[in-house]
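Enquirer: One-letter residues, chain by chain:
Number of protein chains: 2
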Amino acid sequence: MQINDLLKSTGEWLRTDGPQSDIVVSTRVRLARNLTNFPFTTRASLDDLQKIEQQIHTIVEELFGSENILMVNTEELDEVDRHLLLERHLISRELTEGKPSRAAAIACDETYSLMINEEDHLRIQAVRSGLDLNATYQIVNDLDDKIEQRLPFAFDEKLGYLTACPTNVGTGIRISVMLHLPALGLTGEIEKVFRSLSKINLAVRGMFGEGSQATGDLFQISNQVTLGKSEEQLIEQIGEIIPQIIKYEREARKYLADNKKEMLGDKICRAVGILSNTKTITSQETMQLLSQIRLGVNLGMIHPTTLEEVNELFLRVQPAHLQKFLGNDLDPQDRDVQRANIVREYLGNAQVEDN
Amino acid sequence: MQINDLLKSTGEWLRTDGPQSDIVVSTRVRLARNLTNFPFTTRASLDDLQKIEQQIHTIVEELFGSENILMVNTEELDEVDRHLLLERHLISRELTEGKPSRAAAIACDETYSLMINEEDHLRIQAVRSGLDLNATYQIVNDLDDKIEQRLPFAFDEKLGYLTACPTNVGTGIRISVMLHLPALGLTGEIEKVFRSLSKINLAVRGMFGEGSQATGDLFQISNQVTLGKSEEQLIEQIGEIIPQIIKYEREARKYLADNKKEMLGDKICRAVGILSNTKTITSQETMQLLSQIRLGVNLGMIHPTTLEEVNELFLRVQPAHLQKFLGNDLDPQDRDVQRANIVREYLGNAQVEDN
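Chain order of the listed sequences is A and B.
The letter at position 131 of the first sequence is residue 131 when you use the working numbering, and the numbering goes up by one with no holes.
The letter at position 61 of the second sequence is residue 61 when you use the working numbering, and the numbering goes up by one with no holes.
Think of the hints as simulated: they come from the structure by calculation, not from any bench.
Please note: incorrect hints may appear among the correct ones.
Each pair may be met inside one copy or between any two copies, as identical chains are not told apart.
Derived EDC-like pairs (lysine to aspartate or glutamate); straight-line CA-CA distance at most 16 angstroms [unchecked claim]:
| hint | residue 1 | residue 2 |
| --- | --- | --- |
| 1 | Lys261 | Asp334 |
| 2 | Lys260 | Asp334 |
| 3 | Lys260 | Asp5 |
| 4 | Lys146 | Glu240 |
| 5 | Lys99 | Glu119 |
| 6 | Lys8 | Glu97 |
| 7 | Lys199 | Glu231 |
| 8 | Lys324 | Asp334 |
| 9 | Lys261 | Glu94 |
| 10 | Lys99 | Asp81 |
| 11 | Lys254 | Asp81 |
| 12 | Lys247 | Glu231 |
| 13 | Lys8 | Asp81 |
| 14 | Lys229 | Glu157 |
| 15 | Lys261 | Asp78 |
| 16 | Lys260 | Glu240 |
| 17 | Lys324 | Glu79 |
Hey, can you work out the whole structure from these sequences and the hints?
Expert: This is the structure in structure tokens:
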């Protein structure tokens, strides 16, 4: 498999057929692990890093077969390819720097990926469409068991798994749920929801995780605590909270449809109007308007556009995807024009139902 | 003639067939006059004001015939009708207050109007489509001569015509040209143009004159000085300056079309996209977007919308016009929804030429 083969689909995280995927885009679980006998990556020599990469690489190929896995060394990828993987949530922003011996092993169906020599020696992550906590955890748990049988992980009886950053010590787990919350944004209640979440130690982040800005009303909600609770307890906590947020979003959508019909209709109609007419548009603005379109599609107000098309467009308008599809390095100005062309192509026939 | 008859047309100031009316919306000239034997309006008693009104009223009817003139006492008009006249530039904001014995005599074709007991006893104004300084001045000059033969105006050999505000003393003339300058707005050169104008004592104001904000890239440029120069000299000065500004605007349009094609096309396409889709819109935003539409129509980029339709829409979306056409008192929220309906009706078929 080649990187370009990824472009044939939108990948798992935007697949749209998971549970509650009108609101929950995807569920992601990752584990942070480190090999014994090596310093953490921050203190490891280049030689150490190479050895770590080789050991993990070998075991991954043995376990999963090289035909099912895309192995990439980020140093060998060009800038656009590295960002392509980031935009598909297969690697983190840190790995886009392309430093030596930073690598990733990616399942061809994009349901899981392993990052090598990111902050920790190994990050095991799985993603599933919609709200699917147990199934997603099961994937990483299986991967973790299989790898640990062959490679001993740094583990302390009292603390649990040892990680480069103390915030990951213990389970090393991070459970993240990506939600699309446009109605809570429109009613202004979203800040209140986020304040409540921070009180129970859940973090709210933007679309690309730590340090990224929220865009297109997409928010990642994830656990902050990894120590002192089991993986199952942490999943249970998130599993209780997310349905509450989904409920708030559904209530906000109903409130807008019942009481702010004109405002809601106007937002959605304008988004269609702008996106089906624009000649040049940034990815930031596109995301914001696509968020309204996504809401309109989910409320049955826009035809014949489907949720699949909207999710596909979310991915297609990202800078690296845009450049991959157009096959050359575009400057930002050209990108904005090409992005407008693609958006018009997707949404040119979109009609808002008048009622 | 009744006030409602005015609604059958867009009036003179938006007629679109005057010289250079793609850029110059209209030319307006007004004279400030006061009767001898009465104090200025600020010091006149209610009895004085009544007498002034009656004298002017009688003479106007004798001169022009009541069938050609709409005589209104603003106190007797309701709020919506007063603002209807303001939106048509037939009376000033001051007269919309509806104080006693404030009146107006309006030519049925809206080419001239007389305001009675505004700041001065009499304001004579004429408006013509496009840039038409001499013809417009000729109208007020004729009216002035005819009225002065029957009613002596306060005049001082040394100072000229005496007026309530010293800034009008002398000729009492104000020559205003309303320009549509969207391209200078987009290139950012407009501030420079305005700074140059202020250096030569020309004032720049918004669409409704003194104290009004510029909206929809419409600007009134007028003389500040009324004393020490003849009417002809003042007209000559404006007549030399306005073509310069027109030239700058044309150059800016050409620059944008040649060098910022995508940005220009995007602005115009988005304006069409929003206005043909919106469900609720303020008059301020409508004006701003209609300004882009007007530019697009003038550049031949939008079909089949005509300049006449755009100018008509400029007027139709104003609050009082909206209420007159819909026949009831709407609250601002309802107005925004109805305005969106009208805008969509006018621009639903608008297409931007792809080239």
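Enquirer: Tell me, please, which holds for Lys261 and Asp78 at an alpha-carbon limit of 16 angstroms: within, between, both or neither?
Expert: neither (47 angstroms within a copy, 32 angstroms between copies)
Enquirer: Are the CA atoms of Lys8 and Glu97 at most 16 angstroms apart within a copy, between copies, both, or neither?
Expert: Neither way: Lys8 and Glu97 sit 25 angstroms apart in one copy and 67 angstroms across, limit 16 angstroms.
Enquirer: Please sort Lys324 with Asp334 into within, between, both or neither, judging by C-alpha distance up to 16 angstroms.
Expert: within (14 angstroms within a copy, 47 angstroms between copies)
Enquirer: My question is about Lys8 and Asp81: at a cut-off of 16 angstroms on alpha-carbon distance, are they close within one copy, between copies, both, or neither?
Expert: within (15 angstroms within a copy, 63 angstroms between copies)
Enquirer: First find the shortest C-alpha distance between Lys324 and Glu79 inside one copy, then the shortest across copies, and answer within, between, both or neither for a cut-off of 16 angstroms.
Expert: Result: close within a single copy only, 11 angstroms intra versus 61 angstroms inter.
Enquirer: Give the relationship of Lys261 and Asp334 under a CA distance limit of 16 angstroms: within one copy only, between copies only, both, or neither.
Expert: between (37 angstroms within a copy, 12 angstroms between copies)
Enquirer: Please sort Lys99 with Asp81 into within, between, both or neither, judging by C-alpha distance up to 16 angstroms.
Expert: within (14 angstroms within a copy, 73 angstroms between copies)
Enquirer: Between Lys247 and Glu231, at a C-alpha cutoff of 16 angstroms, which is it: within one copy, between copies, both, or neither?
Expert: Result: close neither inside a copy nor across copies, 25 angstroms intra and 72 angstroms inter.
Enquirer: Checking Lys261 and Glu94: alpha-carbon separation at most 16 angstroms within a copy, between copies, both or neither?
Expert: So Lys261 and Glu94 fail the 16 angstroms test inside a copy (43 angstroms) and across (38 angstroms) alike.
Enquirer: Go through the copies and call it for Lys260 and Asp334: within, between, both or neither, with a Cα cutoff of 16 angstroms.
Expert: between (38 angstroms within a copy, 12 angstroms between copies)
Enquirer: With 16 angstroms as the alpha-carbon cut-off, assign the pair Lys260 and Asp5 to within, between, both or neither.
Expert: neither (44 angstroms within a copy, 37 angstroms between copies)
Enquirer: Are the CA atoms of Lys199 and Glu231 at most 16 angstroms apart within a copy, between copies, both, or neither?
Expert: Neither, since 20 angstroms and 74 angstroms both go past 16 angstroms.
In terms of the numbered hints stated before, the structure departs from hints 3, 4, 6, 7, 9, 11, 12, 15 and 16, listed from lowest to highest.
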